[in-house]
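Enquirer: These protein sequence lines are chains A and B, in that order.
The opening residue of the first sequence carries number 1072 in this note's numbering; numbering runs sequentially from there.
The opening residue of the second sequence carries number 7 in this note's numbering; numbering runs sequentially from there.
Because the hints were derived from the structure by calculation, they are not lab data.
Since the structure is predicted, the reported quantities are computational estimates derived from the model, not experimental observations.
Treat the hints with care, since some could be wrong.
Counterexamples of contact, computed for chain A against chain B with all Cβ distances above 10 angstroms [claimed, not checked]: (1) S1096; (2) V1105; (3) K1132; (4) K1144; (5) P1145; (6) H1146; (7) E1150; (8) R1155; (9) A1173; (10) V1200; (11) K1218; (12) H1227; (13) G1240; (14) D1292.
Below, a list of computed lysine-lysine pairs in the DSS-like style, where the Cα atoms sit at most 25 angstroms apart [as the list claims (entries may be wrong)]: (15) A:K1265 x A:K1204; (16) B:K327 x B:K337; (17) A:K1218 x B:K205; (18) B:K208 x B:K14; (19) A:K1218 x A:K1136; (20) A:K1218 x B:K321; (21) A:K1199 x A:K1218; (22) A:K1218 x A:K1196; (23) B:K205 x B:K14; (24) A:K1204 x A:K1273; (25) A:K1285 x A:K1265; (26) B:K138 x B:K84; (27) A:K1132 x A:K1144; (28) A:K1285 x A:K1273; (29) B:K208 x A:K1144; (30) A:K1218 x B:K337; (31) B:K208 x A:K1218; (32) A:K1204 x B:K208; (33) A:K1144 x B:K337; (34) A:K1285 x A:K1199; (35) A:K1144 x A:K1078.
C-beta: ideal position from N, C-alpha, C; glycine also.
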Amino acid sequence: MNAPLLKIRDATKYFGGLCAVNRVSFDVHQGEIVGLIGPNGAGKTTLFNAITGFYPPTSGKVFYKDKDVTGFKPHQLVERGISRSFQLITLFSNLSVLRNVAISLHLQTDIDFWGSLFHTPSYLKKQKVAETKIMEILRYTGLENFKDTLANSLSHGYQKTLNFAIAIGTNPELLMLDEPLCALSPERSSAIQKLILTVRDKGVTILLIEHNMKALFPICDRIVVLDAGVKIAEGTPKVIGENPEVISAYLGGAVDVSETR
Amino acid sequence: MNRNDWLKWVSLAAVVIALFLIPVFIKNPYWMLVLTLLWNYIIVAQGFRYIATTGEYSFAHVPLMGMGGYASALLVMKLGMSFWLALPLAVLVTAIISAIIYYPCLRTTGTFFFFASFAFGEVMRLCWVRFKNPFGGVGGLSHIPRPDPIHIPGLPIVEFTLFSHTSYYYLILVFMLFSVLTMYLLENSRLGAIAAAIKESKILASFVGIRVWRYEMIIFVIASAFAALGGCLYAHYMTLLVPEEFYWGLAIYVCIWAVVGGMGHFTGPIVGTIVFGLIKELLRPFPQIVPLIYGLILAATLALLPEGLISLPKKILLWNKRRLSRLRRDK
């Protein structure tokens, strides 16, 4: 197997005396969908924040494509191809859906400042290219009909989708999604599930936090379980569903994996 | 180009031509002074709004305007520089000073940014009061020379003496149009989109790859350069600079002009500055009630037209549409 895309080694995060994440290590390989689960307060989002430069980990290392990216700023990570979405919906609320996605393409369009200032022909040409990219993203995320709607007047489900679309807009190789499926109607949830699979088929590796087990188990290749800041299990959904430690810590009873498959 | 675009360009050209023709019709030096200062404040208010496009309200903006004035006045008076050289130099110096004071301020946002920038602005003002040499202390600087005459061979000499109101009017008008054009271009450039993103969410902006801190700095420095430009023109026009002029009250006035005019569009500060300038002139016999009227207008605008006076035509159309639909329903 190739070297992993993302390597997390002994990631630890203290808030004062509280250990939120304690020596967590795991790998994410190219083309995988990896789920990160655990009860509330297990440190999933803290781990995400520590990886994505929201705050640096207290100790431990994060490697991306074998390069140390520990403590990098968000924009540096985005430049290297790591993108994330947030648990709480974070959008450019007072801008249209189109502009939201357009801004997310910030790094893709190599528009020079002076060209954009005077709207030179080369700038307009690049703008055309960017527009087709934006429309493509809107089309396959199903936001096409809402492109002129303000982001904050979308319904919750579509805001979640837009959140996802913004993360895709940065053209990531590794997409980190924080609860993309939480609090969604079954049909929106399955639409986003499909979207995650579509994005994976385009060659994007995905690491996601999720509480919705029914939605998570069928799409994941591997699952990592955290409890109280410690990694307690790692494996395929089938293995995890049968792991007694996981069941007692989190699932509260056996999950019939064959049914969800 | 469709019909609407044509209409826009023609009306824009008409306004610009009208602005250039004003001195032909208004001979009263007092009104020339009022209009010249008004155009000058538009430059400053534009800069203030430009900072606010990132969501921050800077109260160091007006002291930076004063800084520009002091810088150019000192360059001319102490070093004997020509005004035309001192102007760009003073703008540059003020831009550098603004970068230094915004450097720590940028660690804060919102209310904290407001207070931090306010504190730095007051520090600047107190420096002018405290250091008699070179700033002249409480009395400030007087006898600031007017700009040197422009002498282009083949054309009549343009002088800027105390009595040449028209030439100074044109000087400031040209700079005002330049600043408006720049703001228009910036608004529609990549920087405008980035500012909008930063205003909406700094966190998300950084997670789509925008270097928030760097772009904020660029925007603040550009805005401060315009404040400095306004300050230079003001200093050499009034030939007098007093620290008291750039106290926090003026900063609040500039803020009110921009907010009442409308922060959402670059034309907002223009409308706001003109409206308030005219109100102030109409109320000249009763200067003590000016702040009261300002406050009332501010409160009314915030309550009825939160997007500022520039949204008035849109609002009227909306009200009319509602009225018509109500009439139809009642039938």
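Enquirer: Now, for every hint given, state plainly whether the structure supports it.
Expert: Here is how each hint holds up against the structure:
no. : hint              : in the structure
1   : S1096             : holds, 25 angstroms
2   : V1105             : holds, 20 angstroms
3   : K1132             : holds, 21 angstroms
4   : K1144             : violated, 7 angstroms
5   : P1145             : violated, 4 angstroms
6   : H1146             : violated, 5 angstroms
7   : E1150             : violated, 6 angstroms
8   : R1155             : violated, 6 angstroms
9   : A1173             : violated, 7 angstroms
10  : V1200             : holds, 15 angstroms
11  : K1218             : holds, 16 angstroms
12  : H1227             : holds, 17 angstroms
13  : G1240             : violated, 7 angstroms
14  : D1292             : holds, 25 angstroms
15  : A:K1265 x A:K1204 : holds, 20 angstroms
16  : B:K327 x B:K337   : holds, 16 angstroms
17  : A:K1218 x B:K205  : holds, 20 angstroms
18  : B:K208 x B:K14    : violated, 34 angstroms
19  : A:K1218 x A:K1136 : violated, 35 angstroms
20  : A:K1218 x B:K321  : holds, 24 angstroms
21  : A:K1199 x A:K1218 : holds, 16 angstroms
22  : A:K1218 x A:K1196 : holds, 21 angstroms
23  : B:K205 x B:K14    : violated, 29 angstroms
24  : A:K1204 x A:K1273 : holds, 14 angstroms
25  : A:K1285 x A:K1265 : holds, 14 angstroms
26  : B:K138 x B:K84    : holds, 14 angstroms
27  : A:K1132 x A:K1144 : holds, 14 angstroms
28  : A:K1285 x A:K1273 : holds, 24 angstroms
29  : B:K208 x A:K1144  : holds, 13 angstroms
30  : A:K1218 x B:K337  : violated, 37 angstroms
31  : B:K208 x A:K1218  : holds, 22 angstroms
32  : A:K1204 x B:K208  : holds, 24 angstroms
33  : A:K1144 x B:K337  : violated, 63 angstroms
34  : A:K1285 x A:K1199 : violated, 41 angstroms
35  : A:K1144 x A:K1078 : holds, 18 angstroms
Of the numbered hints listed earlier, those contradicted by the structure are 4, 5, 6, 7, 8, 9, 13, 18, 19, 23, 30, 33, 34.
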